[in-house]
Amino acid sequence: MAAVTRRRSILWTLVQRDLRVRYSRSLLGYVWTVLDPLLMASVYFVVFTFIFKAGGRVADRPYFLYLLSGLLAWQWFTGSVNDTTKSLIQEARLVRSTSLPREIWVIRCVVAKGVEFVLSLPVLVGFVLYYLVVGRVELDWELVFFPLAMALQFVLLVGLGLLLAPLTVLATDMQRVVRIVLRFMFYLSPVLYGTHAVPDFLRVVLAFNPLNGILSLYRGGLFARGVSWLDVGVSAGVTLVLFVLGFWTFARLERTVLKEI
Amino acid sequence: MSVVISAQDVGIEFYISRRRKMQVRDLLFHGAPTTTSDTFWALRDISFDIRAGEAVGLVGGNGSGKSTLLKVIAGVLLPDRGSVAVTGGVAPLIELTGGFRGELTCRDNLHIQAALHGLSKDQIGERFESMVDFAGPQVREALDRPYRHLSSGMQVRLGFAVISSLDEPIFLVDEVLAVGDKAFREKCYKRMENLLSEGRTLFLVSHSERDLKRFGTRGLYLRRGELAMDGPMDEVLAQYNDDLGTTKADPPTKG
Numbered sequence: 001m002a003a004v005t006r007r008r009s010i011l012w013t014l015v016q017r018d019l020r021v022r023y024s025r026s027l028l029g030y031v032w033t034v035l036d037p038l039l040m041a042s043v044y045f046v047v048f049t050f051i052f053k054a055g056g057r058v059a060d061r062p063y064f065l066y067l068l069s070g071l072l073a074w075q076w077f078t079g080s081v082n083d084t085t086k087s088l089i090q091e092a093r094l095v096r097s098t099s100l101p102r103e104i105w106v107i108r109c110v111v112a113k114g115v116e117f118v119l120s121l122p123v124l125v126g127f128v129l130y131y132l133v134v135g136r137v138e139l140d141w142e143l144v145f146f147p148l149a150m151a152l153q154f155v156l157l158v159g160l161g162l163l164l165a166p167l168t169v170l171a172t173d174m175q176r177v178v179r180i181v182l183r184f185m186f187y188l189s190p191v192l193y194g195t196h197a198v199p200d201f202l203r204v205v206l207a208f209n210p211l212n213g214i215l216s217l218y219r220g221g222l223f224a225r226g227v228s229w230l231d232v233g234v235s236a237g238v239t240l241v242l243f244v245l246g247f248w249t250f251a252r253l254e255r256t257v258l259k260e261i
Numbered sequence: 262m263s264v265v266i267s268a269q270d271v272g273i274e275f276y277i278s279r280r281r282k283m284q285v286r287d288l289l290f291h292g293a294p295t296t297t298s299d300t301f302w303a304l305r306d307i308s309f310d311i312r313a314g315e316a317v318g319l320v321g322g323n324g325s326g327k328s329t330l331l332k333v334i335a336g337v338l339l340p341d342r343g344s345v346a347v348t349g350g351v352a353p354l355i356e357l358t359g360g361f362r363g364e365l366t367c368r369d370n371l372h373i374q375a376a377l378h379g380l381s382k383d384q385i386g387e388r389f390e391s392m393v394d395f396a397g398p399q400v401r402e403a404l405d406r407p408y409r410h411l412s413s414g415m416q417v418r419l420g421f422a423v424i425s426s427l428d429e430p431i432f433l434v435d436e437v438l439a440v441g442d443k444a445f446r447e448k449c450y451k452r453m454e455n456l457l458s459e460g461r462t463l464f465l466v467s468h469s470e471r472d473l474k475r476f477g478t479r480g481l482y483l484r485r486g487e488l489a490m491d492g493p494m495d496e497v498l499a500q501y502n503d504d505l506g507t508t509k510a511d512p513p514t515k516g
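Protein chains in written order, with our numbering: chain A, 1 to 261; chain B, 262 to 516.
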């Protein structure tokens, strides 16, 4: 980790390159980053409010804001896991031509997606302002935990990335497995609903999802319901375990991975 | 002069099997990867010391481990046995175009590539003109067009221009001189001679005896992954040619 922080400027160069590649293909790049969660939030809002008629019961109001806050964070999560999974394969030529600490190829994906997350936050701010004006939202002091949520999510994503990237080099169908697991996880995470709406018999199973606490921290200041510190504690624990496991796995497999790419 | 590259009993092991990649599916349903685990040692018990300012040429047939050894020194492969200690930075003229992205302009690519190899913004600014000069007028014309519009020869020129402008005390050169036209090759030779006269260390892989004699004063002869000889370039080349005469070519061990 120390070696990586010493190469901060290089990490930043890579992130800029990623973003430039992404946005050089289409001027609409930024619009797509924001439009995707916005459209998804609208669709889920319509389906769960008017068809299932459950939006307000399984989550906090206003439901649209609840969805948007969850989906933006989820977009960072899923985008980052997908990118880090293939980070060593996709840039094989680059990895083979420089002796930088190899963790950098993973971390830069997390940072790049994190920058996109930050860039999409003005949309969330816009909706919060709107709901403030119409009086449907009251912000509270727990808003200070928003950066903490980002930090925790960053650490979680780095850990997952370092774990998955070398495994993907060694097992070719790993990407497929990851895609399926991500789709599962979307419905098993409190993006569309809150953990309070989960029945007891399921709660134990879902309790170990590290996204529970992270989403709770994001939403604490926006909604009347306070941060669930039990969820946050579990999230922090799981995150720490994945982080250590990630670095350990990466270091163990590095030698083999370099021969295979 | 101080030792800048020190290899101690370096060994590296590769898998032979054609389908070396396993699948999660195999692990789940068979309990073990279905690939065979036959291995061979691409390098074995390699030890040598190289001092600052030396010009070393690697000699050996195809599959003798030359490129592998260069990669180990560059730090892009890690040895399974032994260790390599390198003092100071290494400028690898190996995968010259590895860091370039086709969608970005040549100018952007040049900046990014230089930054990836550790040059600061100011340093890149100072050297930008000389790098582009070195790459040639056709590259200069194409500076603001996407990199993928360059011909492959031009792409290598740009790569060589960037990496050979680095300040690193050690240069690794792997066959890059084989590409590019005659005029550019002459330019590269000059650049390498300059680097040597500045007291940098040069580590060269080539099949061209002329290149090896021109730049190498010391030769390392690799035969099937083992260091067969370490001595003055002329003697090493004589031994290599001698071996070729008696045993014909080495059977290739690596694809």
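These aren't lab readings, by the way, just hints derived from the structure by calculation.
Predicted model only: the values in this text are computed from it and were never measured.
Treat each hint with caution, since some may be false.
[As the list claims (entries may be wrong)] If you anchor each label on the Cβ, the simulated ranges turn out as follows: (1) B/E496 with A/R179: 15 to 25 Å; (2) B/T478 with A/R179: 29 to 39 Å; (3) B/G460 with A/S9: 22 to 32 Å; (4) A/V181 with B/N502: 53 to 63 Å; (5) A/R6 with B/E387: 22 to 32 Å; (6) A/T49 with B/G336: 52 to 62 Å.
[To be verified] Far from chain A by the CB rule (all over 12 Å, computed), these chain B residues: (7) L365; (8) Y450; (9) R471; (10) R485.
C-beta atoms are modelled at their ideal positions from N, C-alpha and C, and glycine is treated no differently.
Hint by hint, here is what the structure shows:
1. For the hinted restraint 15 to 25 Å between B/E496 and A/R179, the CB-CB distance of approximately 58 Å leaves it violated.
2. Between B/T478 and A/R179 the C-beta distance comes to about 55 Å, which lies outside the given range of 29 to 39 Å.
3. For B/G460 paired with A/S9, a C-beta distance near 28 Å keeps the hint of 22 to 32 Å intact.
4. Separated by about 58 Å at the C-beta atoms, A/V181 and B/N502 satisfy the suggested range of 53 to 63 Å.
5. The hint said 22 to 32 Å for the Cβ distance between A/R6 and B/E387, and at roughly 23 Å that hint holds.
6. Look at A/T49 against B/G336: about 57 Å separates their beta carbons, and that is inside 52 to 62 Å.
7. The claim that B/L365 is not at the interface with chain A is violated, since a C-beta of that chain comes within 12 Å of its own (minimum 6 Å).
8. A cut-off of 12 Å between C-beta atoms confirms that B/Y450 is not in contact with chain A; the least separation is 23 Å.
9. Listed as a non-interface residue, B/R471 keeps its Cβ farther than 12 Å from every Cβ of chain A; the least gap is roughly 27 Å.
10. With a cut of 12 Å on Cβ distances, B/R485 stays outside the contact zone with chain A, its closest approach being about 18 Å.
The structure shown violates the earlier hints numbered 1, 2 and 7.
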